[in-house]
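Please work from the sequences and hints to get the whole structure.
In case you want the letters, here they are:
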Amino acid sequence: MTIDYQRAKPKLKEEVLLPEGLLAARDRVARRHARERRSLAWGRARRRFLPAVVIGSALLFTVGVADRFVQALLPPTRTASAPALGSAPASVNNQTLAQVAQTLAADQKAIAALARAQAQLARSAGGDAGSALGASNLAIPKLPSLPALPSFSAPALPSAPAAHATTGASVVVP
Amino acid sequence: MSCPEIADPSPGPPELVVHGRAMATRIQIRLPLGGENAGHRARLVEAASRAVEIFQTVDRTCTRFDPRSPLMQANRSPEDWHVLPEALFLAVQEAKRAHDETRGLFDPRVLRRLVAMGYDRTLPFHAGRVVTHPGGLPPARRPLPPWRPRFRGGREAIMGNEPLDLGGIGKGLAVRWASQALADETADYLVEAGGDCYCAGNAPDGGPWLIGVEDPVRPASSLCVLSVRDRGVATSSVRLRRWMAENRRVHHLIDPRTGLPGGGGLLSVTVVGADPAQAEVWSKALFIAGSSGIAPLAEKKALAALWVDERGRFSMARAMQRHVRWQRA
Numbered sequence: 122m123t124i125d126y127q128r129a130k131p132k133l134k135e136e137v138l139l140p141e142g143l144l145a146a147r148d149r150v151a152r153r154h155a156r157e158r159r160s161l162a163w164g165r166a167r168r169r170f171l172p173a174v175v176i177g178s179a180l181l182f183t184v185g186v187a188d189r190f191v192q193a194l195l196p197p198t199r200t201a202s203a204p205a206l207g208s209a210p211a212s213v214n215n216q217t218l219a220q221v222a223q224t225l226a227a228d229q230k231a232i233a234a235l236a237r238a239q240a241q242l243a244r245s246a247g248g249d250a251g252s253a254l255g256a257s258n259l260a261i262p263k264l265p266s267l268p269a270l271p272s273f274s275a276p277a278l279p280s281a282p283a284a285h286a287t288t289g290a291s292v293v294v295p
Numbered sequence: 003m004s005c006p007e008i009a010d011p012s013p014g015p016p017e018l019v020v021h022g023r024a025m026a027t028r029i030q031i032r033l034p035l036g037g038e039n040a041g042h043r044a045r046l047v048e049a050a051s052r053a054v055e056i057f058q059t060v061d062r063t064c065t066r067f068d069p070r071s072p073l074m075q076a077n078r079s080p081e082d083w084h085v086l087p088e089a090l091f092l093a094v095q096e097a098k099r100a101h102d103e104t105r106g107l108f109d110p111r112v113l114r115r116l117v118a119m120g121y122d123r124t125l126p127f128h129a130g131r132v133v134t135h136p137g138g139l140p141p142a143r144r145p146l147p148p149w150r151p152r153f154r155g156g157r158e159a160i161m162g163n164e165p166l167d168l169g170g171i172g173k174g175l176a177v178r179w180a181s182q183a184l185a186d187e188t189a190d191y192l193v194e195a196g197g198d199c200y201c202a203g204n205a206p207d208g209g210p211w212l213i214g215v216e217d218p219v220r221p222a223s224s225l226c227v228l229s230v231r232d233r234g235v236a237t238s239s240v241r242l243r244r245w246m247a248e249n250r251r252v253h254h255l256i257d258p259r260t261g262l263p264g265g266g267g268l269l270s271v272t273v274v275g276a277d278p279a280q281a282e283v284w285s286k287a288l289f290i291a292g293s294s295g296i297a298p299l300a301e302k303k304a305l306a307a308l309w310v311d312e313r314g315r316f317s318m319a320r321a322m323q324r325h326v327r328w329q330r331a
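These protein sequences, in sequence, are chains E and B. Quick note, the numbering used here runs 121 ahead of the 1-based positions in the first sequence. Quick note, the numbering used here runs 2 ahead of the 1-based positions in the second sequence.
A portion of the hints provided could be inaccurate.
Across the chosen pairs, the derived CB separations fall in these ranges [unchecked claim]:
| hint | chain 1 | residue 1 | chain 2 | residue 2 | range |
| --- | --- | --- | --- | --- | --- |
| 1 | E | 181 | B | 324 | 38 to 44 Å |
| 2 | E | 279 | B | 324 | 16 to 22 Å |
| 3 | E | 188 | B | 189 | 31 to 37 Å |
The set of hints was computed from the structure by calculation and includes no laboratory data. Cβ atoms here follow ideal geometry from the backbone N, Cα and C, with glycine treated the same way.
Here you go:
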């Protein structure tokens with residue numbers, strides 16, 4: 122047999138007996154209690170957290186104001202700007218890169234030629250030990266000439282600024 | 003005595019330039035202008051003229067080249083009481099103070115030694131090679147006894163036990179007093195007298211005053227350029243005032259400890275200081291210290307000094323570095 126506990130719950134005696142007006146009043150009181158509990162809980166939370174929020178905000182505001190004040194007192198710092206690279210240095214850089222690439226290619230050719238020469242030397246050494254160093258037979262390729270790198274002149278030192286007076290040996294006026 | 007001249011305005015920022023002549027050198031006063039009215043400009047001209055007159059007064063009273071000057075009259079009997087003109091009285095007091103402060107490296111009691119080397123009159127250094135025949139150079143002497151001048155009231159003094167040469171401080175004092183006369187009218191000015199100067203406030207372009215330091219080896223060029231504001235600059239150099247005395251090369255900066263030309267190994271010393279007279283005194287005292295002693299003394303006294311040795315190399319004390327705007331590579 123299945124028992125329905127909800128249905129089996131017995132009706133309270135006073136619910137049956139109290140008039141509707143009193144029940145409504147009791148409900149109102151219960152709602153008011155619930156409302157007051159919520160209000161109390163909110164008030165407790167407010168008392169707990171609000172001071173910290175207020176103090177934190179005030180602190181942040183003070184720090185901000187103090188920072189503005191200090192920044193106003195300090196002399197303005199000049200941003201050191203790097204000298205802009207003009208079109209002429211960029212073109213020089215490109216030219217240099219191209220020449221470095223040519224140099225690398227030439228180096229690779231030279232390395233390959235040296236490797237070939239080494240292999241030829243090894244073959245001749247293996248085949249005829251007596252004439253191991255028949256150097257005249259080895260054709261060492263001529264290394265390609267390297268392209269000249271562009272020359273850069275150091276910037277001239279600034280000249281002396283014009284002075285308002287000179288200190289030195291006291292000039293004798295006849 | 004020459005009258006001050008107002009120079010033509012230069013093409014740069016507006017300024018008033020007044021020239022004069024005293025102490026056998028040229029006086030220059032530069033006053034930047036900036037919207038002054040006619041009345042203020044007239045007062046500036048008047049102050050500049052007064053400043054030039056101060057140089058001429060100091061020259062007249064403190065020169066050793068005029069036997070009628072108050073200094074030379076007092077030098078005839080230095081151990082007696084003399085009533086001195088105010089400029090001379092103050093100059094002797096300041097010389098005594100400088101003597102004590104430099105522990106005797108600055109000493110005005112060198113007149114007899116200079117005269118003994120033939121420097122008894124204005125020598126024509128500007129004309130080139132100078133030769134004197136004093137008739138026997140004095141040997142090195144023992145250090146002089148302590149210098150104890152006495153002062154009474156505001157004008158009376160006993161000079162001490164030796165005649166004095168105030169050439170080592172007179173120009174610096176004149177620059178100081180002329181600067182004080184100008185400071186009543188303006189905050190920005192330059193007073194320059196034959197290599198010693200005082201730079202107050204800003205130059206006509208609004209920046210600090212720039213003072214070139216002469217290269218004693220190549221006088222046409224500068225060793226460096228100093229940037230100064232409210233500072234005096236003085237140089238002691240033997241580039242010009244040196245001569246041959248009895249076949250011996252001598253100069254005018256006498257070491258009071260020996261009575262002979264001092265500053266072994268040095269050609270010139272430049273000092274920057276708050277007071278032009280003190281700067282002049284210390285430039286001489288450092289010169290006398292010689293090439294071996296100048297660096298420790300300058301550092302000990304925290305003096306802004308730079309010096310050139312006989313090889314033409316120049317060095318500077320740490321305190322001078324902040325004044326150097328440019329220096330030759």
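Hints, verified against the model:
| no. | hint | result |
| --- | --- | --- |
| 1 | E:181 <-> B:324: 38 to 44 Å | holds, 41 Å |
| 2 | E:279 <-> B:324: 16 to 22 Å | holds, 19 Å |
| 3 | E:188 <-> B:189: 31 to 37 Å | holds, 35 Å |
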